[in-house]
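Undergrad: Residue numbers (the numbering used here), protein chains in the order written: chain A, 75 to 412; chain B, 8 to 371.
Simulated from the structure, these hints should not be mistaken for laboratory data. Since we're looking at a predicted model, the values are computed, not measured. Idealized CB from N, CA, C, for every residue including glycine. Wrong hints could be hidden among the right ones.
For the chain A half of the interface with chain B, some residues (derived, Cβ under 8 Å), not all of them [to be verified]:
| id | residue |
| --- | --- |
| 1 | R130 |
| 2 | Q132 |
| 3 | Y133 |
| 4 | H135 |
| 5 | E164 |
| 6 | K228 |
| 7 | H274 |
| 8 | G278 |
| 9 | D307 |
| 10 | E309 |
| 11 | A379 |
| 12 | R381 |
| 13 | M382 |
| 14 | V384 |
| 15 | R386 |
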Amino acid sequence: MALQTDIGNIANIPYWTGGDTLHQVIGIIIYIIIVSIIFSIFGYMVGWLERKLIARAQYRHGPTYVGMWGLLQNLADLIKLLSKEDVIPENAFRPLFAVSLPLLLALSIFIVLLLPYSPTLQATNLGFGLLIIFTIVSFLPLLLFTAGFSSGNKFAGISAQRSILVLLSYELPVLIVVASVAMLAGGYSLDGIISSQAAHYYFGLLMPIGFVVFFIALLAEFERPPFDLREADSELIAGWLTDVSAPYYAIALFLDYARMFLGSVLVSILFLGGWLGPSFLPPLFWILLKAFIVSVFVIVVRATAFRMRVDRVLRFGWLWLIPLSLINLVMTYIVFVR
Amino acid sequence: MNITRINVGPVHPSTHGVIRLVVDLDGDTIVNVEPHIGFLHRGVEKLAETRMYMQIPPYTEKLDYVAPMSYDEAYVATVEAAMGIEPSEPAKYARTILLELQRIASHLLFLGTLCNDIGQMFTVFMWAFKDRDMVLDLLQEAAGSRMFYVNMRLGGLNQDLPPSFAEHALSLMDYMEKRVFEYEKYIEKNPIFNERMKGVGVLSRDKAKELGVTGPVLRASGLNYDVRKANPYYVYDKFHFNSKTLQDGDNYSRYKVRMLEMQESIRIVKAAVRAMPEGSAKGMPVKLRSPVPPNRISIVNRELPRGECLMYMVADPQKPYRLSIRSPNFINLAAIGSLARGARFADLFAILGSLDIIMGCVDR
């Protein structure tokens, strides 16, 4: 088969999975490698950009010395963190503590692998892709809870409590908005959601309220300011990460970028048309561009927002997010579906 | 009721120095806060008894490392009172200008750290520090160094203000006026900021009186007491300025009072620079043997950026017999218990930030 320019065709999963078992296994491995490379480069660049942008907002230069424009600073940090001693505190409940953070990262990357990146670059086209992704996403705060709770530190304990409290305020709106997306697209397939956006308009335009609610709730879901209550530096030192040693902290940093990537790709798939765009560039470019813009927006919010208090987050969730997401659901039904 | 006891500090991101707070929490609500102090105790009062008069300013300065010159001046004024020295007219103006610049620098730091404490990590902080740096540049021009000045001498300063000082001060004050306006515009319209600040940590008028808090903390609770007005020193009585008072006594008022005070300080600096008389502001050079103080006991009170400081000195011929310092921060810190009780855990740091304590001054 001729090598084609579109990167999606190299990992043309329908082509590979159509063959025998060997073909399928090779296909899956190639797919994992390609997506991991995309995700690592994207996450790394966004991590660098976050440091640079926030530095600009604060009259600083950010990293400048390691590599060109400080591009290698994050890599240097990662190497430093990974080369340090791994200490598990005496108070910690060892098995849970050792498992929680790696599992968090693994689950996040698992979701990253489940997402579709172009018409050909996707793992499976399950009819219930949206459901399975949000099932796993709702597991993440639970693992944050166990990570904080098992570390035996009181600050981490408070952070774990907060993580459950805050869960009540944003998990529901996320699911309601996802339900209205599914309703609009007529199914839970991510592929179907994008093709339905190709047929009509982007869902971000069709239901702006849902878009905004989803974006805010995702900020809370993935611990971005102003909802970074679990990791509130000025109150809880580092929240659930207070007692973790350097290698675990490296995992946590990686997790941060994984979640950023995950969130921004999800927003671009559900509301910004995913890989749709002018055809002079490959679909993969468009989805990454949209995710990148969403990430920049998240970073700008971090540079400017004050942190909310726990009770206020609950109040905000119940008084604003949930009613708005319900209104969005009803309006979607009345205007587009009925 | 299930009480969790948490130890906040002495190593914690937002304790403003080395203070240890033992916090009892019921869920997320604070039941009790107990401050433990003394980590920065250097025995300045005792040290002063073993040093000659003009060897002491470097110690008193380090009490409040955010506004060192104000403590420097308070101490030198005490010695002047003991020796019966009256600063020259230009020296009075120059000291007024420098003290007000120091107040602006101190309040800018307050603004930055407060925003850090309520979770705006480092953006406002860096902005405020940039502006504070410009004020420090000006102070460096006048005194010769940026952080610890030791520029007060008996009867004046270590050197005259440089000829370019007036021009630089006026242009910086114009810039600062704009910046304070910008800060207010950006910060006060933020709903999360208002939510975190308004109605939180209310210090009632009576409680404020009872605790003896001073400075912006007192004026935010509705009591108009400002040493610059009540007992004017230098040339404060020659200029028109208001000591701003707000009624609510919450975090927001404590923040707002300081912002208003910065504007007043800018006005004072501008007026004083314009009215500065000709002549030398230089004081006496530091000599091994200072003049013998005729007054045995001298008391001086000053309005520092953080409240009223009172220095009490019993004089011996060459060195103080006893120097006693009423630290405004120590007394303001005492309010933390009654302010934080019933507040949320996250509010504890907003309250601590709004009290704006400096541990060097608390521990002495």
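Undergrad: Run every hint past the structure and note whether it holds.
TA: Hints, one by one, checked against the model:
For R130(A), the interface hint is violated, since its Cβ never comes within 8 Å of a Cβ in chain B; the closest pair sits about 10 Å apart. Against a cut-off of 8 Å between C-beta atoms, the interface hint on Q132(A) holds, since the closest Cβ of chain B lies about 4 Å away. Nearest Cβ of chain B to the Cβ of Y133(A): about 5 Å, under the 8 Å cut. The hint holds. A cut of 8 Å between beta carbons decides the hint on H135(A): the least distance to chain B is about 12 Å, and the hint is violated.
With a cut of 8 Å, the hint placing E164(A) at the interface with chain B is violated, because the nearest CB-to-CB distance is about 17 Å. Nearest Cβ of chain B to the Cβ of K228(A): about 5 Å, under the 8 Å cut. The hint holds. Interface hint at H274(A): violated, since its Cβ lies 35 Å from the closest Cβ of chain B, which is beyond the 8 Å cut-off. The interface hint given for G278(A) is violated, since its Cβ lies 24 Å from the closest Cβ of chain B, which is over the 8 Å cut-off.
Interface hint status for D307(A): upheld, as the beta-carbon distance to the closest one in chain B is roughly 6 Å, under 8 Å. A least Cβ separation of about 5 Å between E309(A) and chain B falls short of the 8 Å threshold, and the interface hint therefore holds. Checking A379(A) against chain B by beta carbon gives a least distance of about 7 Å; that is within 8 Å, so the hint holds. With its C-beta approaching chain B no nearer than about 2 Å, R381(A) sits inside the 8 Å limit, and its interface hint holds.
The criterion of a C-beta within 8 Å of any C-beta in chain B is met by M382(A), whose closest approach is roughly 6 Å, and the hint holds. The restraint placing V384(A) at the interface with chain B holds, with a minimum CB-CB distance near 6 Å, inside the 8 Å limit. Among the interface hints, the one on R386(A) holds; its C-beta lies about 6 Å from the nearest C-beta in chain B, closer than the 8 Å criterion.
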